[in-house]
Structures are given as C-alpha cells and as structure tokens.
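Let the hints inform the model, and build the full structure from the sequences given.
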Amino acid sequence: MVRIQLAMPGGLLRGALRFVLSTQPDIDVIAEHDAVDGAIETVRTEKPDVTVLDLELLSDEAGHVIDASGAAQQAHNELPDAKVLVLVDPRRPNIASRLSTVPPTIGFLSQSAPPERVVDAIRSLAAGEPVVDGDLLVAALTQTTPLSEKELRILAVAALGAPVKEIARKLALSPGTVRNHLSRILAKTGARNRIEAIHIAQESGWI
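Per UniProt numbering, the sequence shown runs over residues 1 to 207.
There could be a bad hint or two in this list.
List time: in silico EDC-like cross-link candidates among lysine to aspartate or glutamate, alpha-carbon distance up to 16 Å [stated by the list, open to error]:
(1) K47 with E32
(2) K47 with D81
(3) K47 with D37
(4) K47 with D28
(5) K188 with D89
(6) K188 with E149
Label pairs and their calculated CB-CB ranges [what the hints assert, rightly or not]:
(7) E149 with M1: 49 to 57 Å
(8) E166 with A16: 39 to 47 Å
(9) M1 with L171: 54 to 62 Å
(10) E46 with K170: 49 to 57 Å
(11) K150 with K47: 47 to 55 Å
(12) P175 with S148: 13 to 21 Å
None of these hints come from the bench; they were simulated from the model. Predicted, not measured: the structure shown is a model, and the values here were computed from it. For glycine and all other residues, C-beta sits at the position ideal for the given N, C-alpha and C.
Okay, structure coming up:
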C-alpha cells in the first residue's frame with residue numbers, strides 16, 4: 001500500500017485527485033493540507049510514502065512563489081528522505097532549468113496533468129523511479145516571454161513603483177487600458193499580483 005498525503009489548496013484539482021486516488025486499491029490518502037507546515041509535520045510524524053505538493057504553497061522570504069528547482073531544494077533540505085511530487089505551473093519561468101540537479105526523491109508534474117497521470121507518477125516515485133514531466137521540459141526549452149511589447153513596457157514602468165495613473169501618463173494610455181493590460185499580464189505569467197509579475201519578469205530577463 002502506498003501511503004500519500006496531499007498538500008495543495010482545496011478546490012477542483014484536489015477534489016478530483018482525491019476521488020481518483022480513493023478508487024485505487026494500492027493507494028491510501030492519509031492526510032490533506034492546504035499549508036506546507038502541516039504537510040511537513042505529517043511527513044515527520046506519519047512518514048507517508050509520497051507527498052503531493054502544489055508549488056503554490058512554497059514561497060521565498062519575499063513572499064514570491066519560487067521555481068521548481070528551488071522548491072525541490074527546499075523540500076529536500078527540510079525532509080531529506082521524503083519523496084515529494086511537486087505540481088508546477090508550466091507558465092512560470094525557469095520551471096525546469098536545473099531539474100537534472102535535484103535529488104531523485106523529488107518528482108515534477110504540470111499542474112494541468114490529469115489525475116490519472118498524477119496517480120502513475122505517485123506509483124513511480126514510491127517505487128524509486130525518477131519522475132519528470134516531459135511537458136515541463138518542453139516548456140523550459142521553448143519558453144520565451146508570453147508578454148507583448150506594450151505589456152513589457154507597462155511592467156517595466158510598474159517595476160519603478162509607478163501607480164496605474166502614472167503608468168498611463170508615461171505611456172500615453174488611459175488608466176483603464178493599463179489596468180486591462182495588467183490583468184492580462186497576471187493571466188499570462190500565472191502571477192497572483194503585480195509585484196509577483198514584476199519578480200517573474202525580472203528573474204526571466206524580460207525587463
């Protein structure tokens with residue numbers, strides 16, 4: 001029996017995954033958490049075979065969601081013997097730039113992978129087999145900025161600390177247009193707010 005825990009925000013993905021896992025005769029979900037602290041404590045006390053961890057739960061000291069390799073290193077530092085399947089948003093920059101250097105106890109899958117694929121990855125990781133999503137590797141190799149030239153200019157001005165009205169004045173746009181572009185920037189980068197979008201763009205060398 002493969003004993004696992006789910007560490008991810010509650011919602012459609014976790015619900016679908018929980019349902020599929022409940023139908024597997026060789027898998028037992030022993031815990032669910034929507035915060036990483038609880039997941040770490042469960043690993044220490046219950047020692048699940050695999051922890052399925054959504055990358056969104058891990059942040060650096062500045063509150064930014066860190067990249068996949070950073071998540072792997074953080075997980076390995078905290079729990080060196082634990083097996084962790086990290087679910088990654090493929091829109092984020094540098095998602096697989098250093099995956100070859102992470103320990104074999106850490107696997108990666110796209111957050112958009114169907115639950116059945118997550119189940120297969122759990123079994124592989126529990127058996128000691130490496131797990132790296134081919135879609136993530138392709139995204140890493142082909143990733144360029146998803147932002148238009150105008151969106152990059154807006155983000156570059158926003159990075160200087162300018163509010164919407166000042167961005168609009170500097171670029172001869174209306175505030176409404178700037179807000180619309182900022183909303184599209186968040187959607188394209190997977191960022192949760194403007195500060196995180198700026199951080200993603202700067203780390204990726206887009207601005």
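Going through the hints against the structure:
1. K47 with E32: 14 Å, holds
2. K47 with D81: 10 Å, holds
3. K47 with D37: 14 Å, holds
4. K47 with D28: Holds, because 13 Å separates the two Cα atoms, which is no more than 16 Å.
5. K188 with D89: 11 Å, holds
6. K188 with E149: Holds, at roughly 13 Å.
7. E149 with M1: 49 to 57 Å: 54 Å, holds
8. E166 with A16: 39 to 47 Å: 43 Å, holds
9. M1 with L171: 54 to 62 Å: Holds - the Cβ-Cβ distance for M1 and L171, about 59 Å, lies within 54 to 62 Å.
10. E46 with K170: 49 to 57 Å: Between E46 and K170, where Cβ atoms are some 54 Å apart, the hint holds.
11. K150 with K47: 47 to 55 Å: 52 Å, holds
12. P175 with S148: 13 to 21 Å: 19 Å, holds
Consistency with the previously given hints is maintained throughout, with no hint failing.
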